[in-house]
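One letter stands for each residue in the lines below.
2 protein chains.
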Amino acid sequence: MPDKKVIEDFFRSLQDKICAGLEKADGKATFKEDLWERPEGGGGRTRVIQDGAIFEKGGVNFSSVHGPCPEFLKQEAGIPVNENIPFLATGLSLVIHPNHPFVPIIHMNVRYFEAGNIWWFGGGIDLTPHYIDVGEAKFFHQHLKKVCDTHSANYYPDFKKWADEYFFIKHRNETRGIGGIFFDRLSGNDMFTKEQRFAFVKAVGESFLTAYLPLVENNRAKSFTEDNKQWQLLRRGRYAEFNLVYDRGTKFGLVTNGRAESILMSLPPLAKWEYNHIPLPNSLENSTLRLLNTINTWEV
Amino acid sequence: MPDKKVIEDFFRSLQDKICAGLEKADGKATFKEDLWERPEGGGGRTRVIQDGAIFEKGGVNFSSVHGPCPEFLKQEAGIPVNENIPFLATGLSLVIHPNHPFVPIIHMNVRYFEAGNIWWFGGGIDLTPHYIDVGEAKFFHQHLKKVCDTHSANYYPDFKKWADEYFFIKHRNETRGIGGIFFDRLSGNDMFTKEQRFAFVKAVGESFLTAYLPLVENNRAKSFTEDNKQWQLLRRGRYAEFNLVYDRGTKFGLVTNGRAESILMSLPPLAKWEYNHIPLPNSLENSTLRLLNTINTWEV
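Here the protein sequences come in this chain order: D and W. So that you can map any letter, position 81 of the first sequence is 81 in our numbering, and since no number is skipped, the others follow by simple counting. So that you can map any letter, position 219 of the second sequence is 219 in our numbering, and since no number is skipped, the others follow by simple counting.
You may find that some hints are simply not true.
Heads up, the list lumps identical chains together, so a pair's fine if it works in one copy or across two of them.
Said to hold, decoys possible - Straight-line distance between alpha carbons at most 20 angstroms, and here's what the computed EDC-like set of lysine to aspartate or glutamate pairs gives:
1. Lys-251 / Asp-9
2. Lys-229 / Asp-51
3. Lys-170 / Glu-261
4. Lys-229 / Glu-274
5. Lys-28 / Glu-274
6. Lys-170 / Asp-247
7. Lys-5 / Asp-149
In case anyone wonders, no lab produced these hints; they're calculated from the structure. On a predicted model such as this, the values are computed, not experimentally measured, just so you know.
Modelling step: build the complete structure from the supplied sequences, incorporating the hints.
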């Protein structure tokens, strides 16, 4: 049974590996690190890259917080209010905003929670292209499907559906991007041991660079116009809307007085809102928008 | 006793008056109008100005919606669930984002609600300068105080405090701007008749142009640097954070499936997020930030 120390160490070394891979791909900017401590116990390593050759703004955060379990977490975990129990929450969370409109935004999160006998894993990885390239969307989903299928035949279909439901901007009737996988409260049961759940979460974390970097390399040399750039800014506005209105991690962080700069590193470097922007009928922008208005099956 | 028709007509003609005043001040752009209807009854006139000589993006919205009172509004008004009762909600709401970093953002809202015997007025007006000029902050508050004092000696102190509490970005420990006045559920009681409440709300609405236009005229010809512009974009990021995370009107609109483009016209045309931006020690940006970190008494 993997100890919490082992899990925490995995997330910490995953942060190192991912930051090194992204720095190498960028070739210009490097991550700046901020260490922070939580007064009640634990802390984190916020790492931010800015103004890179390709990554305009991105954060890869590791955190591990512990101490007496706060009331709202007890409630969530079904722990009686009068029980005093320690908790641990550790994980890695990242968002990358590229400067190039044809390079997609990416988000990943892998995390572990325990309090007493209760434990679970959660996380996911999803892609938000400013322009949807169907071939690339398929590549991304097939990649995730392969990672999932090694661990359970149900994982990909179940977690793809969960991502489609979660990464949805209700007031726009738009998906945030092309989705990916999302999962929460993966604990032990008749079918899965803790080792097996952890092995899956590890595989998801380790699949990040191979899922994302090909999409960076495919697109970074493409030329683009000022119109492409403007569309990118509008899509980033939608990204900000999702994160500030719906994202549970963001809400959770803000409500629990988390470190605002670490939580909001997910926000885009620059975003635009234009009243009632409607793309031209036969434009790339319009076809992207139509793809975002439906739930698509990308893996086939 | 002012009829709902009279109140609705006042808000509608106030929209005309304010749009005309803002167009005249801008001198270049004009408002574009979108009429919309609510399937259950009523609708609105959304008016948006974009890319003006001074107003980069702004909306002045009139709406009047009615029909059977929705459940959540019954709850809010304390009306029994099984009672079928018609409601009316009408008002004017505006947000203006100037292109000039020394011209402040302004927001105003005046509204009326009734269902059966229950009625109330709500609203407010508040200023968000990118750079705080203490003299202008005092001018703005003194102006509002004068409007309030004619109607009740308690209005300004009470509603100023309410605005300070409401327009607060908790996760940043910052006020959104320099505040103003905010009030809600002003109904009839021993001290105030409906005529008197309406007279106050009318005075607030009619004070808008004289409160805001001097601040536009004072600053529009000032020269500014690229640094000033960047700071403006960062402050607009904060504005977007407030509106998407805390603003009740925005939440209410999004949750009730309102017209997203009308609700989110309050968002800035362009906004920026930079990780952990800290202004230089003796800069104008730093003194503005320090003023936003405290609740100030501006009127004296």
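Going down the list of hints, with the structure as the test:
Taking the closest pair of Cα atoms, Lys-251 and Asp-9 never come within 20 angstroms of each other, the shortest separation being 26 angstroms inside a single copy and 40 angstroms across copies. When the C-alpha separation of Lys-229 and Asp-51 is checked against a cutoff of 20 angstroms, the pair qualifies both within a copy, at 16 angstroms, and between copies, at 18 angstroms. For a Cα distance limit of 20 angstroms, the shortest separation of Lys-170 from Glu-261 across copies, 13 angstroms, qualifies, whereas the shortest one inside one copy, 26 angstroms, does not. For a Cα distance limit of 20 angstroms, the shortest separation of Lys-229 from Glu-274 qualifies both inside one copy, at 14 angstroms, and across copies, at 19 angstroms.
Proximity of Lys-28 to Glu-274 under the C-alpha cut-off of 20 angstroms is restricted to the inter-copy arrangement: shortest distance 18 angstroms between copies versus 32 angstroms within a copy. Within a single copy, Lys-170 and Asp-247 get their C-alpha atoms as close as 12 angstroms, and across copies as close as 17 angstroms, so both meet the 20 angstroms cut-off. With identical chains, the CA atoms of Lys-5 and Asp-149 are never at most 20 angstroms apart, being 27 angstroms at best within one copy and 64 angstroms at best between copies.
Of the numbered hints listed earlier, those contradicted by the structure are 1, 7.
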